[in-house]
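Please work from the sequences and hints to get the whole structure.
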Amino acid sequence: MFNKIAFQNRRFALIYFFFLLFLFPAISQSQQNPQPGGQLVLATTSDPKSFNTIIAKETSTSEAVEFIFDGLTKTDPFTLKVGPNLAQSWEVSEDGLEWIFHLREDVVWSDGVEFTADDVVFTFNDLVFNPDIPASSRDIFMIDGQPFAVNKVDQYHVKFILPVRFAPFLRAMSQEILPKHKLEKVVKEGKFNSTWGIDTDPREIVGTGPFCLIRYDPGQRLVYERNPRYWKKDLNGNTLPYLERMIYLIVQNSDVELLKFIEGTLDAYSLRGMDYSLLKPIEQKNNFTVYDRGPDLGSQFIVFNQNPGINPNTNKPFVDPVRLSWFQNRDFRRAVAHAVDKEKIIEIVKNKLGYPQYSPMGPAVGFFYKDDVFKYEYDLNKAKQILKDAGFSDRDGDGYIEDQEGHQVEFNLYTNSGSTERVDIGGILNHDLEKLGMKVNFLQLEFNTLVSKLTSTFEWDAIIMGLTGGVEPHFGKNVWTSDGQLHMWNPRQETPATPWEKRIDELFSEGVQELDEDKRKIIYDEFQMIVSRELPVIYTVLSAKLTAIRNKFGNLKPSNLGGVFHNLEEIYIK
Amino acid sequence: MINNNRHHSQFQLALQRFRGNKTAMACVFILGFLYFSAVFAEFLSPYSYKDEQRQYSYCPPTPVHFFDQGRLTWPYVYGLQLSFNEFYKREYVTDVNTKYRVKLFASGESYKLLGLIPTRVHLLGVESPGRIYLLGADSRGRDIFSRLIFGGRVSLSIGLIGVLISFTIGLLIGGAAGYYGGRVDNYLMRLCEMVIMFPGFYLLLALRSAVPDDFNSVQVYFAIILILSFIGWASLARIIRGMCLSLREREYVLAAKSLGVNDFHIITQHILPHTLSYSIFAVMLSIPGYILGESALSLIGLGIQDPFASWGNMLSDAMSIVRIKFAPWILWPAFFIFLTVICFNIIGNVLRDCLDPNLKGN
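In order, the protein sequence lines correspond to chains Z and C. Note that this note's numbering has the first sequence beginning at 1, numbered continuously upward. Note that this note's numbering has the second sequence beginning at 1, numbered continuously upward.
If you're looking for bench data, these hints aren't it; they were derived computationally from the structure. A couple of the hints might just be wrong.
Listed next, the in silico BS3-like pairs over lysine-lysine satisfying Cα-Cα at most 30 angstroms (straight line) [stated by the list, open to error]:
hint	chain 1	residue 1	chain 2	residue 2
1	Z	260	C	89
2	C	50	Z	435
3	C	325	Z	352
4	Z	552	Z	233
5	C	112	Z	439
6	C	50	Z	384
Here's a subset of chain C near chain Z, in silico, CB distances under 7 angstroms, partners left out [as the list claims (entries may be wrong)]:
hint	residue
7	21
8	52
9	54
10	89
11	139
12	302
13	324
Everything numeric in this text was worked out from a predicted model, so none of it was measured. Positions of the beta carbon are idealized from the N, C-alpha and C atoms, including for glycine.
If you want it as structure tokens, here you go:
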């Protein structure tokens, strides 16, 4: 889940692989006779691009279908244990390579057709592993370039055979299962990639989840109604979900969202730092509660381009060779890391509601988080000393430093326009880098232009960017292994360019095959140490995840990892 | 170049009428003051546009005190200490034990006055380590007053330079089209219509995206001027062309032609000067478009880049209602944009009335 480039506030975020956190069907023991009915109104700032979750590349799409489909398993957002969902249980062979899932026998699709093993086999063999479909989750299911074999045993049993051991297998099994009876034909005709676009009749989108889409008005709203055929029941045997309806209002920006929340149209709102000072004092009066869900899973960082490649179209190197030599110099990156004033960034950008970040796994991920990595305190004198020792000094007295060959240190630092947060972070950093004697041209680009620079044209010096994150370290493979698509500083390498990148590759292939969680932790600890020592990306700060929710819902258990409404089916109106 | 006395006196008459209009004269003084402050920005501003004091994030305007224990004294300010309250709202606590005297002609950051004379003198300052924020501070503790003055440099000059370029193009193309007529006229006017046809702001964005990304701020500044001029010339060219169509039939133009004066000379010396009165107020009325164009680009982050100040990019800080609520002073740039635009419009309108020959007898 380190796999999306995040714009900010969920908008325009790109999914590079797949989600990892899913919902857990824990049913609360202490219920006060929930009444069915009522509705939940949420807001989103961008329209879905399609309802086709298999090829979805952006969060706006995956968000829109989140409650329509289910996977075989779910991860509990609090304990992080994998629990049953569409599969009620499973068995694994001793070598860890053969898995048999027992499917629930009482599940029907929302159009009344029975859910069977055929749907599971179809989802994996015909969609995820279909070379004609750019499935966003394929990369994590391919192990060393091989798919795993998925076979139907009988109506309610499916067998998975893995080529090698794959530690996050159960977590990955939260892949949404899609209906074979609706999609088989279009896949055969080769039209799957354009199926379930935004102009589809909502009734065609059939799922096993608690809600069904009934209406989509572009630019206005998405309306969901409860799935009367949903399989899950509460302790008294009542069919879930309790809520009758769910609505996503599509609003222009977070400010509109905030106003709509205050006036009472919306039931929940994700706060930006300064919103807290506005909302917290009126909590009682307006009858809502602000929940602090802890540090964000995502990250904001500075990355320097270390790509030695040559642009095949222009025959010019992606990065000026002189600049490349600075960016490849670890001491240069260390000096920059010491110039990141995390404390003031948290104060100014996050309104003091934030946390410093030093390693690729943030404090939110829990088990795999390593706190004692190499940390770089804000110290400009130390940064100057490091630069001096590395041969960078002001040789001609113009206030700017030069490298040993006398080239003045000057580079372009990009970020996306429209993100005041990143612009502020960049401005603060730029100010300090100038004090170190670097001439930095800080430039804002439109988000999509910036992403294409980062992922396809490769012509950039330094970028301030963000990625979404997750608890399963292996799902960050596309960023961290040297052949990764999103190995931003030097992507898609044939052989690792540096010894430490080679070591990270080894750690990732060891980590994915190690089934003992404690041994896995040791492996990923070493990975975090390497990243914090080598600084391919220089981390800045994490925001505190704050959500304001109206005080009218029962069974509400906002979690950091699984979202606020991860147990939507059992939430009811008090 | 223009021979007759009558024309000259007509211009003088117009000027006289203009001087009689108090609103217009007030606008001239306001603009004059703004341009003056932009030229002497370094001297008039207490701090540099990039002087960042992070401990004064969103510091409210500093009150200047004139009385100490009931007695009139040299103006001073108190020291301030930032703290966050239980709601994480910024609160600046006044430290009454620390007083910093306000200083005139204070010594501050060194600069070159008018780019020539090296000096450290600023009109206003305060004893260090005190800070004076006349109009408050922005998110990173930079003085909004100083940044407004520096920002005026960009925002105000873009209007003038942009108008200069686009009017040169507009006059020449309009003049040529009107003078030659026929096929030349046809082609040039269709070209104009193509430029006019596109919605201005989207054309602006499209042209901006064609500018290389790695331009530094100075290059971006000139690129923006060129883009704005490229959009602005067409409507003027059309009107000038209409005027030239009738002017080219005048006797003095025919006389010049029969004397063998070359076409460029005829257009620039004999035809265009007669469109002058129209051009002058058209210039005034179109300057605001350039100022707003730059502000709009900078507001969405595609214009002048931080740390350089322009009124537009300062205003981008105010694109959130929460910030406006807690730090309303970040809206100052909007006030100055408004003021400038209003002034140019009033001057333009009054000039049009004054230059109208039909009013001559009144």
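For each hint, the structure was consulted:
For the hint pairing residue 260 of chain Z with residue 89 of chain C, the CA-to-CA distance comes to about 22 angstroms; that is within 30 angstroms, so the pair holds. In summary, the hint linking residue 50 of chain C to residue 435 of chain Z is supported, as the alpha carbons are separated by about 12 angstroms, within the 30 angstroms threshold. For the hint linking residue 325 of chain C to residue 352 of chain Z, the alpha-carbon distance of about 18 angstroms falls within 30 angstroms, and the restraint holds. Our distance criterion of 30 angstroms between C-alpha atoms is met by residue 552 of chain Z and residue 233 of chain Z, whose separation comes to about 22 angstroms.
Simply put, residue 112 of chain C and residue 439 of chain Z have alpha-carbon atoms about 21 angstroms apart, close enough for the 30 angstroms limit, and the pair holds. Using a Cα cut-off of 30 angstroms, the hinted pair residue 50 of chain C and residue 384 of chain Z holds, with the two alpha carbons roughly 21 angstroms apart. Hint on residue 21 of chain C is violated. Least Cβ distance to chain Z is approximately 42 angstroms, over the 7 angstroms limit. For residue 52 of chain C, the interface hint holds, the least distance from its beta-carbon to any beta-carbon of chain Z being 5 angstroms, beneath 7 angstroms.
For residue 54 of chain C, the shortest C-beta to C-beta distance to chain Z is roughly 4 angstroms, which falls under 7 angstroms, so the interface hint holds. Satisfaction of the interface hint for residue 89 of chain C is found here, the shortest Cβ-Cβ separation to chain Z being roughly 4 angstroms, below the 7 angstroms cut-off. Nearest Cβ of chain Z to the Cβ of residue 139 of chain C: about 5 angstroms, under the 7 angstroms cut. The hint holds. Interface hint status for residue 302 of chain C: upheld, as the beta-carbon distance to the closest one in chain Z is roughly 6 angstroms, under 7 angstroms.
Because the smallest distance between the Cβ of residue 324 of chain C and any Cβ of chain Z comes to about 10 angstroms, over 7 angstroms, the interface hint for this residue is violated.
Consistency with the previously given hints fails for numbers 7 and 13, ordered from lowest to highest.
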